[in-house]
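J.: Whole structure, please, built from the sequences with the hints as guidance.
Okay, here's what each chain looks like letter by letter:
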Amino acid sequence: MPHLNKKRFFSSKKYRREFLEGMFLISIAVLVNFVFGYFAFAYAFYLSFFRWDYITEPLFSGLDNYLKAIDELVKGFFGAKWYEVPFFMGLRNILLYTIIVVPIQTILAMALAAIASSRIRGSSVFTTSYLLPGFTCSVIIALIFIYFFSQRGFINYILNSIYPDFGYPDWLYSKILIIPAMAIVAIWGTSSNFAILFIAAMQAIPRDVLEQARLDGAGPVRRFIHIILPLIKPTIIYAVIVGTVGALQMFDLSFVMAGPQGGVEYSGMTVVLDIYRTAFAQLDPGYASAKAIVFFALMYIPTVLFLKKYGGGFR
Amino acid sequence: MRKRVYYELIAFSAGVFFFVVYTIPFLRSLIVSFMTWEQASRIPPEWLPNPFILENYLRLFRIELFPRWVLNTLLYGGLVSISNVLLGLMAGYSFALLKYPGRDLLFNALLALIMLPMFVTMVPLYVILTQLNLLDNIIALPILGLVNVNTVFMARQYFLSLPREFFEAAKLDGASHLRTFVEIALPLAKPLIITITVYQFLGAWNSFFLPVIVLKSPENFVYAQGLNYAFSRVWYVEYTPIIAGTLVGSIPTLLFFIVFRKFLIGGIVIRTYRR
Chain C
1 MPHLNKKRFF
11 SSKKYRREFL
21 EGMFLISIAV
31 LVNFVFGYFA
41 FAYAFYLSFF
51 RWDYITEPLF
61 SGLDNYLKAI
71 DELVKGFFGA
81 KWYEVPFFMG
91 LRNILLYTII
101 VVPIQTILAM
111 ALAAIASSRI
121 RGSSVFTTSY
131 LLPGFTCSVI
141 IALIFIYFFS
151 QRGFINYILN
161 SIYPDFGYPD
171 WLYSKILIIP
181 AMAIVAIWGT
191 SSNFAILFIA
201 AMQAIPRDVL
211 EQARLDGAGP
221 VRRFIHIILP
231 LIKPTIIYAV
241 IVGTVGALQM
251 FDLSFVMAGP
261 QGGVEYSGMT
271 VVLDIYRTAF
281 AQLDPGYASA
291 KAIVFFALMY
301 IPTVLFLKKY
311 GGGFR
Chain E
1 MRKRVYYELI
11 AFSAGVFFFV
21 VYTIPFLRSL
31 IVSFMTWEQA
41 SRIPPEWLPN
51 PFILENYLRL
61 FRIELFPRWV
71 LNTLLYGGLV
81 SISNVLLGLM
91 AGYSFALLKY
101 PGRDLLFNAL
111 LALIMLPMFV
121 TMVPLYVILT
131 QLNLLDNIIA
141 LPILGLVNVN
151 TVFMARQYFL
161 SLPREFFEAA
171 KLDGASHLRT
181 FVEIALPLAK
191 PLIITITVYQ
201 FLGAWNSFFL
211 PVIVLKSPEN
221 FVYAQGLNYA
231 FSRVWYVEYT
241 PIIAGTLVGS
251 IPTLLFFIVF
261 RKFLIGGIVI
271 RTYRR
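Chains C and E, in that order, are what the protein sequence lines are.
Numbering (the numbering used here) for the first sequence: 1 to 315.
Numbering (the numbering used here) for the second sequence: 1 to 275.
FYI, nobody ran anything at the bench for these hints, they're computed from the structure.
Be a bit skeptical, because a hint or two may be false.
[Stated by the list, open to error] Each pair of labels, with its calculated beta carbon distance range:
(1) E/Arg-62 with C/Phe-77: 34 to 40 Å
(2) E/Ile-82 with C/Arg-17: 26 to 32 Å
(3) E/Gly-78 with C/Arg-152: 39 to 45 Å
(4) C/Phe-60 with E/Arg-179: 51 to 57 Å
[Said to hold, decoys possible] Okay, the calculated bits of chain C under chain E, using three or more residues with CB under 8 Å as the criterion:
(5) 52-58
(6) 74-85
Here a beta-carbon is modelled for each residue, glycine too, at the ideal position from N, C-alpha and C.
T.: The structure is reproduced here in structure tokens:
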């Protein structure tokens, strides 16, 4: 409010009243979110410097928790046994998962959106079927897919009818296949959420631009690459960032499909599941908070750098 | 012209392919939920239940806690919807239409919280709930979700999109902002109220991470959590009742999706184009 002088503002009865009414209306929303957001964040930061068990007096331990977290990552990197380094296993798995999920889900979402916004026969029926999984509970989706991923399940059947030598592995108990299994479930479930964004972005493209390109003789592929793609670039950046941040935080699929213990030799462990276990199974909230803050930093520093570099048109 | 037909054929086949990919898991589950486990685990898969049984659903409804889980989830969804509509609309209206010092600062501070992931704050939230004696209590969930930042943001965008004149007239009449809010803004906000309710309700129905942290005894679980619990305890050998449970659990989603599709999709689009 550049046109209002602060002093005059508070001396005027009308403005003072607007201030009080405004503050009253936002008070609960601001209070609740500040307590559960900023205060909780500060408290987690504080706890990360303590050794504690929820009951006795917290014991100040300096940077011990952070050193332990970094030590786990370094040791894991140099080949320590899986049971010594759950944090490293979680980080390794979640990076693999994210690298599988984000590109496929983004490209798939664009393809779905392209089909949905094309005027081909049946596109509205198609759209409905594409969007439903995105609103369904991820735990329910995971439970459905556990059945499909079982040894005698649907997925092995399909893979064997395409490629007969595939065999009949039990995906959820395989150290190699559990993360791809979770990635498939995640892609199936969330690509539709991102498809909605792309549908909206594609509908915002002016019709006459596309019509002109068509008259100039550009086919659908060229129209897509030279017109649609540049125009939906901000949406792509948004989908990649939100998708990455979301994938890195994956917890429920791992909890349901690999189990709360993180699966066979931690093959289905994720960082957030490890933090959860540290906090509530091993009752070490200080260490859990330190790991959470380390992961938070690892997650957001690249995001911010990426946004600085490519995010010109974003927001 | 020929080329165009060719392209349309490709697009149509792709459409059909993805249609199959996105509906088969639901369809297959529906069929399997009427099968015996013995038949459901055959290879190659069979597509006609023989014998056709309802036993899977009956076993699901026979779990003592099943109605509790549904009721818990409904309570959570109901409370969180009411509080979000009321408090979110109040805050959104204030942020959109009133002018006072500190308004934009507070709004930006709220908006920044979207970036704060739950895994950072879960230990403190757990400690706060312990202090409030709310651990293992379903009420803890609507308290944590009392008014979501996303709700406030959606409400603000909505009120900003309405023509100013609606509110100017009331202002000239000397009505207070609180009165304008109740008498003018609320009746105008019907689509917004539906969107928020649908989102919060589905959010509660789909929630898992918070319930897993907060709720400890099976009788307090929400639906998804209970289903996962039943799966890992009771029927590890027979999976068909769980499939039946997933379908029952998808019913609210399906209903909401059919009835409120427009609002659900609109909500996602609003969330993307922040500011």
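J.: Indicate, hint by hint, whether the structure satisfies it.
T.: Hints and how they fare:
1. At about 50 Å, the CB distance of E/Arg-62 to C/Phe-77 disagrees with the hint of 34 to 40 Å.
2. Separation of E/Ile-82 from C/Arg-17 is about 28 Å and conforms to the stated range, judged on CB atoms against 26 to 32 Å.
3. Between E/Gly-78 and C/Arg-152 the beta carbons are some 41 Å apart, a value that agrees with the proposed interval 39 to 45 Å.
4. Restraint check, C/Phe-60 to E/Arg-179: a C-beta distance of roughly 53 Å satisfies the suggested window 51 to 57 Å.
5. Counting residues of the segment 52-58 of chain C whose CB lies closer than 8 Å to any CB of chain E gives 1, so the stated coverage by that chain is violated, three being the minimum.
6. Judged by the Cβ-Cβ criterion of 8 Å, the segment 74-85 of chain C is not covered by chain E as claimed, because only 0 of its residues qualify and three are needed.
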